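All chains should be built: construct the whole structure from the sequences, respecting the hints.
These protein sequences, in sequence, are chains A and B.
Okay, so the first sequence: first residue is 1 according to the numbering used here, each after it adds one.
Okay, so the second sequence: first residue is 1 according to the numbering used here, each after it adds one.
Don't read these hints as lab results, they were simulated from the structure.
Quick caveat: nothing in here was measured; it's all calculated off a predicted structure.
Incorrect hints may appear among the rest.
Here are the computed lysine to aspartate or glutamate pairs in the DMTMM-like style, where the Cα-Cα straight-line distance is at most 25 angstroms [said to hold, decoys possible]:
hint : chain 1 : residue 1 : chain 2 : residue 2
1    : B       : 195       : A       : 163
2    : A       : 212       : B       : 320
3    : A       : 273       : B       : 359
4    : A       : 21        : B       : 320
5    : A       : 273       : B       : 362
6    : A       : 21        : B       : 318
7    : A       : 21        : B       : 322
8    : A       : 21        : B       : 325
9    : A       : 21        : B       : 326
10   : A       : 212       : B       : 326
11   : A       : 212       : B       : 325
12   : A       : 212       : B       : 322
13   : A       : 273       : B       : 367
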Amino acid sequence: MSKQLYLSSSPHIHSGDSTSKVMRAVLYSLLPACAVAVYFFGPAALTVLLIATLGCLATEVVCQRLMGQPVTIADGSAAITGVLLALNLPPSSPWWLTLLGAVIAIAIGKQVYGGLGSNPFNPALVARVVLLISFPVQMTTWSLPTPFGSGLDLVTTATPLGEWKNAVMLTGQMPPELQSGMVDYFLGNMAGCIGEVSALALLLGAGYLFYKRILTWHIPATFVGTVILFSSVFWLVNPDKYPNPLFHLLTGGLVLGAFYMATDMVTTPVSTKGMLLFGVGCGVLTVLIRLFGGYPEGVSFAILLMNAATPLIDRYTRPETFGTSRQGVRS
Amino acid sequence: MAQHIGAPAVASVEVGQSVSKGQEIGSAKGFVSVPVHAPTSGEVVAVESRPHPWGTSLPAVVIKPDGEDSWSMDLQPGDPGSLTVDEIVEKVRLAGVVGMGGAAFPAHVKMSPPPEKKISTLIFNGVECEPYLTADHRMMLEEPERILQGVALLQYVFGAERVVIGIEANKPDAIALLEKECAGAPVEILPLQVKYPQGAEKQLIAAVTGREVPSGGLPMDIGVAVHNISTAAAVADAVLFGRPLIERVCTVTGPAIREPKNLRIRIGTPLSHLVEVCGGVTEDPGKIVLGGPMMGFTQLDFDVPAIRGTSGLLLLRDEDVDRQEEGPCIRCSRCVQACPMHLLPTTIAAYSRRDLLAEASEYCAMDCIECGSCSYVCPATIPLVQAIRYGKAAILAKKRSS
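Structural data, given as C-alpha cells:
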C-alpha cells in the first residue's frame, strides 16, 4: 500500500462535537434575548451589545498577541463573554463603561488565568461586579423600556427589586402595586439590565440549549427552585414586607443568571451532585443578598461566590466509582 | 502463536511437516495459556516471527494449505452425559477455547474458579461489544442450537442457579428466536438497553443483576461468571465434537469496504483475503482497525493474520479519521457523564499526562475499562482515554518495579 495510514490508540471515531460548536449554539440561544433587548431599549442596547462583544474579541486578540499565544477568538468563547456582559449592563451604560467592562472580563477575568478553561470566575460577572462597585451611579441608572419606534428617549427609573429595597428601607412595607405587573415582568417590560428583563426570551434560548443537550437541568432547576422555596418562607411569614416567589423569579437577573451565568461550564462543578449543590448555594445566597444585603440584586454575587467554592465542591462530590458503593450493590 | 491473553503457545511443529486440520501446532505454556491448532490441512512452510495484529512481530507457524481441508483423525467426540466437570474443562482447554468477545482470555481458566467462589449466576453476553460489529447478532440468528448446547454445558460446569442470555433490545429477531429455542429450558433471555458499553463485563453484570463488581475485583467475587455467546458455541464444538477453536465469525465493515459482511473465518487468514472476499475497498482506507471503533487496534497494512480475538475488521476512510486539534478542557463534564465506571476522566487524564501517578491512582485510574466513551464525547477532542491508558501502564510499571 503506497499511502500512509493513521496509526493511533483507540477510540477511532469521535462524536464530531467541538468546543466551537458548543459556543456557537450558546450564541444562537442568546439571540432572542438580544432581540428583545434591542426592541425594548432601542439603539442604546444595540450599542452596548456591539461595544461589549467587539471589545471582548479585541481584548482577547491583544492579550494573546502579547503573550505570544495563538489567537483563539474563532472558538466563540470571547464573543459569548461579550454578549453576556452586555446583557448584564444597564441600557444607558456609557461607551467607556461597556468597553472597560469588556477589557476587565477578558483580561482580568479570563486571560490572566491562562485563557479558556482556566478561569475560576465567570468573566462576564467579574466585569459586571467590578463595574458595579467602581461605578455605582452608572451601573444603577436604570431606564424604562421605550419600545422601538415609540420615539421616546430612555426614561430613568428604578428596577422592581430596587424599588422594593428602597420602600422597605424607608417604610418597612412593600408597595402593593409592585407585585401587580407579573405579565410585564415575564415579557420583559420593566427596568433592568438589557438582557435580564425578558424571562420569555431567555427561556426560549435555554430551551434550544436543552434540546442541543448543552444545558442540563441540574443547575438552573436547583438555583431557581431554591430561590422559590427560600423566598416563599419569608413571603409566608410576612407577605406585607417580603415579595412573593414569582416576583423574585421574574424581576432581576435570576433567569439570566440561572440559565446562562451559573451554567458556565468552566466555572461550575463537573459532577451531578456538585451541580445540584452549586445551584442550591446560588439560590440561598441570592435570596439572602436580595432580602438582607446592601444591594437590591444578588444573583451576580451569589454566582461568583459559588464559583469560588467550585474547586471545593468538586473535591467533595466526586462520583462514587463503580464497584465501590456499599457491598457492591447499586444504589 | 500469541492468540490469547496469557503466555503465548510454543510452536510444536517443524518446517516441512504436513499437518491436518485441527492438529495441535503450538502447545500451551502454563495454566493461563491454550494450545493453537492448524486451521486447515497443509504443509508447514515457516516457523518464524511474523507481523502480528498487536503491533510487533511474534512467533508464528505458516501453513501452506493443500486444499484438502481434511480433519485430523485424533479428534474425539464427547458424550456430555458421561463426562465429569474436570473432563469438560480439560476438553475446552485442549481445544484452545478463549473468550470470543475480543479479549481472548482462556475459557478454561474462567471455568475453574477457586472452590470458595460459588458461581450462582451465569451470564451469556449477546450484546455486541462495540458499534459497527454484528458478529454476535449473526451467530445468535444462525447458530442458536450450538450456542444453547454450550450454554447447557457451561451451566452444568458452574452449577449456576440462574442462567441469563443478555441481548440488546434492538435485536428483537435474535431475542425472539432464542426465546423460542429456549422454551422449557431454565434459561432467561433478557433484553437490555441499547448503549455502549453495555457489552463490557462489569456493565453487563450490573444490568442483569443490579450488582456492581467491586473495584479491583472479579465477577466471581459476587458469584457471577460471564461468557460470550460465541464462546458457548466454541465450548459446544470442543466438548461434543472434539473440535478445536479454528474459526470464528468476524464482521468486516466500515465506510471503505465495498460489501460489508459477516464472515466465518479460519483463524490465521490474512486480512487481505478478508478484504478481497468483501469486494475490496472503495478507496484507500485512512485507518485499518482490528476489533471495533472504540477499542480496536490500528494496523499498518492487510498483511497480518486474523487471530482468535478478531471480532471485526473495520476500514475507515480518511474523512472518518478525526483530526481536530486538541483544545483546552472547558469542564463541560461530558466525559464525567459518559464514564460507565463513574470516574472523572478529565482529572485522571490531566494527572496522567503530568506523570502525577499517585494522584491518578487516587482518582481510581485503575478502574478505567478503556471503553473510549470519554474521548468520543469530548468537544475539545482531548485524548482522554489515551492519556489514562498511559497513566495505567505507568502505574503498573511502577508497582512492578517497587
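Notebook entry, point to check: Which of the numbered hints above does this structure break?
Noted result: 1
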